[in-house]
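Trainee: Now for the letters of each chain:
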Amino acid sequence: MPQSSEYTRRIAGLCLLAGKIMIENGAETYRVEDTMTRIARAYGLPRSHSFVTPTGIIFTIEGAEGEGADSFTSLSRITNRATDLQKVMEVNAISRRIGAGELSADGAYRLLKETESGGKGYPARLKTAAAAVASGCFLIMFGGSWNDFVPAMAAGGAGYLALICASGRIAIKLFAEFVASFAVGLLACLFVLAGWGRELDSIVIGSVMPLVPGVLITNAVRDLMAGHFVSGLSKGAEALLTAFAIGAGIAIVLALRGGVAL
Amino acid sequence: MTAFVQLLTSFVASAAFGLLFNVPRRHLAPAGAAGMIGWMIYYGLQQADANPVLATWLASLAVSLASQWFARRLKAPITVYNVSGIVPLVPGGVAYAAMRNVVQNHYDLAVQLAFQAFTLSGAIAFGLVLSEVIHLSFRKIKA
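So the protein lines, in turn, are chains A and B.
Its first residue numbered 1, the first sequence is counted upward by one per residue in the working numbering.
Its first residue numbered 1, the second sequence is counted upward by one per residue in the working numbering.
The following block holds chain B by itself, in its conformation from the complex (with noise of 0.2 Å):
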């Protein structure tokens, strides 16, 4: 039920912010598509205890290569798609908590916070970079 719970809000968000970002209607749930394939692997592996770096960057890779499928066969820039599936791996909570430690003059907690909200960034980076390596790789071999 839970994580059920989970695929529908991930959809649903994704979708949503596509919307923000004026997604024409038509790729829409798509976009969503993407977000929830992402979350679905991000929520896994969280369940079973992964190292969230791990999970983030193994859900941006999984986001970024849905994207490209879609923007193949939708002929769309593939920014429609990833944008809005990359957002809800933001690391919004750690950089929120960090802040909040800041505040409180808890400054050896904040700084612990705020590097790992900078690595769990860096993780999306690279699940992003491995897409493309992956997708030109491709495109060399078929060519």
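In isolation and in its complexed conformation, chain A is listed as follows (with noise of 0.2 Å):
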């Protein structure tokens, strides 16, 4: 197979959009880097090096020549992050193909370009309606009573839809969160006081639980594991401020609570 810079240039585009989405949707790094170098490697060339952050990934391919003779580099810049594991299998199972030899290098950036503008999921109504169920859920697990499901339910839906809208509407990831947890409480609060709810502990301990940055979490101590330092501190940082964030929001409606009706 003939080699030229043009060739090496187009594969490390492929394996640059493939490392890109994994990282956009939820991916840990090891994998993204793997991903990648085995991408390069099914096409024929071997000596590949990345270093893959959660804001970019600089990715660079050597020729077959070698020794930096013709050898590419490029960036990739990383400004959205969601979490979305459908489209991290998607791109796991391209690559797997690709490893087995089904797939041509325009068949595959295709596929990958497919999947990057692919859909966003399930709907969001059936996600606020999961948020509800796993809020009551969480309630009851949590040692809470049963007349408390309803209203866990009715806070943790509103509080995730509330996380759904403020995203779309605001820049700041960590204040859509502080968002989405205040109209937690305030529900939780509003419940209480009506009479409808019993205990405020409760309600807004389950009701937060779909707030919880499960992925950032685990990806962080996977990544730390694996010993990509940079990756797994950012990530580790991410979490705790959206720990603190959710926080902040519900102890605003227990200030404001504490100085009204106590």
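Incorrect hints may appear among the rest.
Cut-off 27 Å, straight-line C-alpha distance, at most; resulting in silico cross-link-like pairs (DSS-like, lysine-lysine) [to be verified]:
#, chain 1, residue 1, chain 2, residue 2
1, B, Lys75, A, Lys113
2, B, Lys75, B, Lys140
3, A, Lys120, B, Lys75
4, A, Lys120, A, Lys173
Computed footprint of chain B on chain A; a stretch qualifies when at least three of its residues, placed anywhere within it, have a C-beta under 8 Å from a C-beta of chain B [what the hints assert, rightly or not]:
#, segment
5, 218-228
6, 245-256
One side of the interface only, derived from the structure: several residues of chain A facing chain B at Cβ under 7 Å [said to hold, decoys possible]:
#, residue
7, Thr83
8, Asp84
9, Leu85
10, Asn92
11, Lys127
12, Ala134
13, Phe138
14, Met141
15, Phe142
16, Trp146
17, Ile205
18, Met209
19, Gly214
Derived by calculation from the structure, the hints in this document are not laboratory data.
Predicted model, so just to flag it, every value in this text is computed and none were measured.
Note that the Cβ used here is the ideal one computed from N, Cα and C, for glycine as well.
Each of the two chains sits in its own frame; use the hints to bring them together as a complex.
Mentor: Following this line, the structure appears as structure tokens:
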């Protein structure tokens, strides 16, 4: 296979696109680097190096002549991060097919583009319902009473809906989370004041759970373990900040309640 | 009866959490099962008056081991299963109590509770680490 520098450049673009989709949707750093290297190797370019952080990817690929003669480096900036494990799985599957030699470079690029622009997964309505159900279940798991089941569902669902609406309008993710947890706290307080809910504490704890940054926590630990300290520490910091944002939203409601009702 | 309710709610909660992260439908039930296994261990140890840090650690280990099994079986990234299983173990209640004491100016209690939440998070992380170590050493033995 003739490996012109044009070819190297194309493969680098392909690897970078795959890596970008994975990072943007919540994959671990190790998986992203592994996938990019595998794709490059499958297309006959065994020497590649990557540096992956949550905010950007640097990828270098050496051509067939080696020794930096026709190496190609490119950078991809990551600005939006969300959690969409379906997309991570799709890229994973595409990379497996590339590894098995089933896909041409053009075909793979087309598939990756489709994945990137693909749908947002489950509709917002279903997600809100799932958040509501999860809140109710968490309430029971944490020792709440069935009397508070429906209020917890309402507060948790509304909080998640607030998160969806707020993250569409507010550029700063932390503030959207703050707004969502404030909504949870406020609703829970109102439910208790209206006599519909009984224990404020249990309702708040259950309903705030859908906002917990689960993917960040587990990925931070796994990245640190794999020696990806830059990614691990920044993911840990993001998880910690998210926890603070959630806590601040609840704390303000509690402080307000202390000033008004107690 | 209570134990059964706990099993059911932990399964549903973990699967619903997977849905929030766009886990494909086919993988929701395994994600729920991973969460249920973890919660079963946590709840059982809690009933036996075990140290909460120990309970969290073993539960997180169980979630990760179950997730690894599912990941190998169903050829999917492990994140799909362990994330939703870990979430119930996150010390939300303790963190909330700490926050509440801060608001009420009981800083001494708040610091104690915050440290407890920190320790529990450490236990979760250590469970994840240990499962990885077990997984890697098994792979070496097989190879």
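Trainee: Let's test the interface hint: is any C-beta of chain B closer than 7 Å to that of Trp146 (chain A)?
Mentor: Cβ of Trp146 (chain A) sits 9 Å from chain B, so the hint is violated.
Trainee: Take the shortest C-beta to C-beta distance between Asn92 (chain A) and chain B; is it under 7 Å?
Mentor: holds, 6 Å
Trainee: Does the interface hint hold: is Met141 (chain A) within less than 7 Å of chain B, judged Cβ to Cβ?
Mentor: Since chain B brings a Cβ to about 5 Å from Met141 (chain A), closer than 7 Å, the hint holds.
Trainee: Hint Phe142 (chain A) vs chain B: min CB-CB distance below 7 Å?
Mentor: Cβ of Phe142 (chain A) sits 6 Å from chain B, so the hint holds.
Trainee: Should the interface hint for Phe138 (chain A) be scored as holding, given a Cβ-Cβ cut-off of 7 Å against chain B?
Mentor: Cβ of Phe138 (chain A) sits 5 Å from chain B, so the hint holds.
Trainee: Given the hinted pair Lys75 (chain B) and Lys113 (chain A), is their alpha-carbon gap at most 27 Å?
Mentor: Judged against 27 Å, a Cα distance of about 23 Å means the pair holds.
Trainee: Next item in the hint list is Ile205 (chain A). Is there a CB on chain B closer than 7 Å to its CB?
Mentor: Ile205 (chain A) check passes; min Cβ-Cβ to chain B is 5 Å, inside 7 Å.
Trainee: Can we keep the Met209 (chain A) interface hint, with Cβ of chain B closer than 7 Å?
Mentor: Holds - the Cβ of Met209 (chain A) comes within 7 Å of chain B, reaching about 6 Å at its closest.
Trainee: Given Thr83 (chain A) was flagged as interface, is its beta-carbon under 7 Å from a beta-carbon of chain B?
Mentor: holds, 5 Å
Trainee: Double-check Leu85 (chain A) for me: the hint is only fine if its C-beta lies closer than 7 Å to a C-beta in chain B.
Mentor: Since the shortest Cβ distance to chain B is 5 Å, the answer is holds.
Trainee: Taking only the CA atoms, is the gap from Lys120 (chain A) to Lys75 (chain B) under or equal to 27 Å?
Mentor: Status holds; Cα separation ~23 Å.
Trainee: Would the hint on Ala134 (chain A) stand, with a C-beta cut-off of 7 Å toward chain B?
Mentor: Holds. Min distance 4 Å.
Hint violations for this structure: number 16 only, all remaining hints satisfied.
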